[in-house]
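**Q** Take a look at the letters that make up each chain.
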Amino acid sequence: MRHIIHADLDAFYAAVEQLDNPDLVGKPVLVGGRPENRGVVATASYEARAFGIHSAMPMKTAAYRCPQGIIITPRFSRYKEKSLEVMSIFRDLTDLVEPLSMDEAYLDITAVIESGQKPLAVALDLKRRIFDETGLVVSVGVGTGKTVAKIGSDLDKPDGLVVVQPGEEADFLAPLAVNKLWGIGPKTAERLNDEGIQTIGDLACQSLDWFTKMFGKRANNIRNKAMGQDTDSVDVRGATKSISSETTFAGDVGNEEVLRHLVEQKAVGVARQLERNGLKGRTVKLKLRLSDFTTFTRQTTLQFHTDSEEQIKNAASTLLELELDPNRTFRLLGVGVANFEYDSETSEPTDMKERQLPLFTY
Amino acid sequence: MKISCLQENLSRGLAVVGRAVASRATLPVTQNVLLSVEQSMLKLSATNLEIAMTTWVGASIQEEGSITVPARLLTEFVNSLPNDTIDLTLDQGSGLLEISSGNSNAHINTTEASEFPPIPTVDDGIAAQVDPLVLKSAITRVAFAAATEESRPVLTGVEMKLDAGKFTMAAADGFRLAVHHGDLLNSVSEEMSVIIPARTMNELNRLVGDREEPVEILMTPAKGQVMFRVQGADRIEIVSQLLQGTFPNYEQLIPQSYTTRAIMDLPTVLRSARTAAIFARDGSNIIRMHLLPAEADSEPPKVEISARSEEVGDNKDVVDLDEIEGEEGKIAFNSRYLLDVLAVLDKGKVALETTTSSSPGVFRPTDSDDYIHVVMPMFVQW
Numbered sequence: 001m002r003h004i005i006h007a008d009l010d011a012f013y014a015a016v017e018q019l020d021n022p023d024l025v026g027k028p029v030l031v032g033g034r035p036e037n038r039g040v041v042a043t044a045s046y047e048a049r050a051f052g053i054h055s056a057m058p059m060k061t062a063a064y065r066c067p068q069g070i071i072i073t074p075r076f077s078r079y080k081e082k083s084l085e086v087m088s089i090f091r092d093l094t095d096l097v098e099p100l101s102m103d104e105a106y107l108d109i110t111a112v113i114e115s116g117q118k119p120l121a122v123a124l125d126l127k128r129r130i131f132d133e134t135g136l137v138v139s140v141g142v143g144t145g146k147t148v149a150k151i152g153s154d155l156d157k158p159d160g161l162v163v164v165q166p167g168e169e170a171d172f173l174a175p176l177a178v179n180k181l182w183g184i185g186p187k188t189a190e191r192l193n194d195e196g197i198q199t200i201g202d203l204a205c206q207s208l209d210w211f212t213k214m215f216g217k218r219a220n221n222i223r224n225k226a227m228g229q230d231t232d233s234v235d236v237r238g239a240t241k242s243i244s245s246e247t248t249f250a251g252d253v254g255n256e257e258v259l260r261h262l263v264e265q266k267a268v269g270v271a272r273q274l275e276r277n278g279l280k281g282r283t284v285k286l287k288l289r290l291s292d293f294t295t296f297t298r299q300t301t302l303q304f305h306t307d308s309e310e311q312i313k314n315a316a317s318t319l320l321e322l323e324l325d326p327n328r329t330f331r332l333l334g335v336g337v338a339n340f341e342y343d344s345e346t347s348e349p350t351d352m353k354e355r356q357l358p359l360f361t362y
Numbered sequence: 363m364k365i366s367c368l369q370e371n372l373s374r375g376l377a378v379v380g381r382a383v384a385s386r387a388t389l390p391v392t393q394n395v396l397l398s399v400e401q402s403m404l405k406l407s408a409t410n411l412e413i414a415m416t417t418w419v420g421a422s423i424q425e426e427g428s429i430t431v432p433a434r435l436l437t438e439f440v441n442s443l444p445n446d447t448i449d450l451t452l453d454q455g456s457g458l459l460e461i462s463s464g465n466s467n468a469h470i471n472t473t474e475a476s477e478f479p480p481i482p483t484v485d486d487g488i489a490a491q492v493d494p495l496v497l498k499s500a501i502t503r504v505a506f507a508a509a510t511e512e513s514r515p516v517l518t519g520v521e522m523k524l525d526a527g528k529f530t531m532a533a534a535d536g537f538r539l540a541v542h543h544g545d546l547l548n549s550v551s552e553e554m555s556v557i558i559p560a561r562t563m564n565e566l567n568r569l570v571g572d573r574e575e576p577v578e579i580l581m582t583p584a585k586g587q588v589m590f591r592v593q594g595a596d597r598i599e600i601v602s603q604l605l606q607g608t609f610p611n612y613e614q615l616i617p618q619s620y621t622t623r624a625i626m627d628l629p630t631v632l633r634s635a636r637t638a639a640i641f642a643r644d645g646s647n648i649i650r651m652h653l654l655p656a657e658a659d660s661e662p663p664k665v666e667i668s669a670r671s672e673e674v675g676d677n678k679d680v681v682d683l684d685e686i687e688g689e690e691g692k693i694a695f696n697s698r699y700l701l702d703v704l705a706v707l708d709k710g711k712v713a714l715e716t717t718t719s720s721s722p723g724v725f726r727p728t729d730s731d732d733y734i735h736v737v738m739p740m741f742v743q744w
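Keeping their order, the protein sequence lines are chains A and B.
Read in the numbering used here, the first sequence has 135 at position 135, and its numbers run on one by one without any break.
Going from the second sequence to the numbering used here is simple: count from 1 and add 362.
The shape of chain A in the complex, shown without the other chains:
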């Protein structure tokens, strides 16, 4: 039996700011872009969340709801530093760490438990160490699978600790809203609610046929997760699924030359990040948000994995050309690369791909 921890730092950016500047402790802190520049909230401290503020909310709205909020421009390099400290504590506990972002990771602690420790003790110990050594507070969920662990860490935030005992996964999940389940987005949740399915328990008791009809290829996976039987392993390599870079403009941009230039700039930035991380991707994505907030992504898959500035630039620029229209102005633009070489779910190394062999070798 496996034992998985999901660890999630509470209000991470805001917590780092409060840590570095004690004046901010106990106050509503809003980390994010300036409201006059159409910034959004990246993280709000729990004091600010009391005002109904959540991440991704326009900073303007946040400032309106919480006028006393202290707006802080993010210092990503500092957050990265703290994140590395936390991750190294995770890695002290186990090698099997799958970081999901700067402030979140899965840890496979099966070996630790098998050596005789109790899940609760391991989790408490981890929380204490992180607080002692970094000053940050982490919420932890422990269970026999990723789904249960992740839902657990979220259930009791902040400073949460939820241990789901082996065998109790289904009972634990049953009363929770169906949208808590990984893979059930808002649209799917709506459809399920229409069918009278509110909780994960309602979902779990549906027939396999019903799942197949509803989810197609994903049926088995989602059904197992709903029943608390989640066999997804902690993926050490798959830590990074995509690398992207996006900007929300201070004002709507319609000038095609400016947009082309920005796409190139973003593409170069992404290429450099890929190179630094030793990654090569095949899918190039262009994310756009129109002045009316319509947001969409266009993507293209290259023939080979690449980290080449030139290729990513060309692909992203081609995608942009198709979207340019004199009547369109944009408020956000981003370029990303995904489908990495090791990411076996979505790609195989090119020489393993099914393909027609040529008659002539020119």
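Be careful, since some hints might not be right.
[Said to hold, decoys possible] Taking beta-carbon pairs under 7 Å as the criterion, some of the chain B residues facing chain A (in silico):
1. Thr472
2. Gly536
3. Phe537
4. Ser646
5. Asn696
6. Met738
7. Pro739
8. Met740
9. Phe741
10. Val742
Note that these hints are calculated values from the structure, not bench results.
Built from N, CA and C at the ideal position, the CB exists for glycine as well.
Given the structure of chain A, go ahead and fit chain B onto it with the hints provided.
**A** Chain B only, in chain A's frame:
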């Protein structure tokens, strides 16, 4: 010009040359058909500048002359007339061609014959004669393997080689090769090889139809042309431009050995391949063939023909074979390439020779050495 002929004959002649009428008008007069008088017959010619077709219609000539008229208009009008005598009279003054038959009377605008591109004639060169059935069979088995896209123009053609009393036709796109050897009815004095557009070959195949008279081939590589003369109730000449360039040296593409040789009954294996194609078409068009030699004397050797698609499902036919020589073999083909070759061989038995999963598969009919078809496999995970 003033001539009379039978509606039936004129209609048939126009249908023949109609295949060479230009469909797009780079040169508008090529949408016309040229009417002229030759050897006391009405001669009909059309060309799209790549291919020219000429045929002769029995007629009574009162006055010689030549003129061109829009092919489609003339053809449709003639087809609408009853089978009776048609009188064609060109009024030199107005330039109108008067066509009358029974109580029907029409006037068609014309363009002078001098504006029509010259219909090439091939009088000299290497002449060969071939049995129409042999020619048709060769074209049917070879021309489909020619490339349809133009990235390597020579591959859109069929290489035709004449050597003593034999001819060889070959065509290849980037993934398959078809080669057919046949006998000529005469022996040519010098070896010669030209590349003829596959389109021309397909037209020729159609025109030969069920005729029994030998087809005459005249090659003049120097002029870049080939002419086929089809005999029978009526005479048809097709003159085609040749494709310039060097045809790939295909001999080296034909494997000289194999590790597995399976003898398959054509109708049976074709049926299974068609079934597999239904499943393959929703995936990547891959049909897998797993050649299984007999495991015991009482067991026949088998081929498993299978296809699968993520969305649809999968299918597997197990077909008993007469014989497998050599070891177990696995090879996957694009379903179209597999169906194409099985369909043209159509009855009897075929041998499939394989070496590895990524080396060419070779199809040969078992009853003759005339034909060989090489298909490159699909690379798949087995």
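**Q** Does each hint fit the structure? Answer for all of them.
**A** Hints, verified against the model:
1. Thr472: Thr472(B) check fails; min Cβ-Cβ to chain A is 50 Å, beyond 7 Å.
2. Gly536: holds, 6 Å
3. Phe537: holds, 5 Å
4. Ser646: Given a least distance of 6 Å, the restraint on Ser646(B) holds.
5. Asn696: holds, 6 Å
6. Met738: holds, 4 Å
7. Pro739: Hint holds; Pro739(B) Cβ to chain A Cβ min 6 Å, cut 7 Å.
8. Met740: At 5 Å from the nearest chain A Cβ, Met740(B) passes the 7 Å test, so the hint holds.
9. Phe741: Check passed: Cβ of Phe741(B) comes within 5 Å of chain A, closer than 7 Å.
10. Val742: Holds, about 5 Å.
Of the numbered hints stated above, the single one contradicted by the structure is hint 1.
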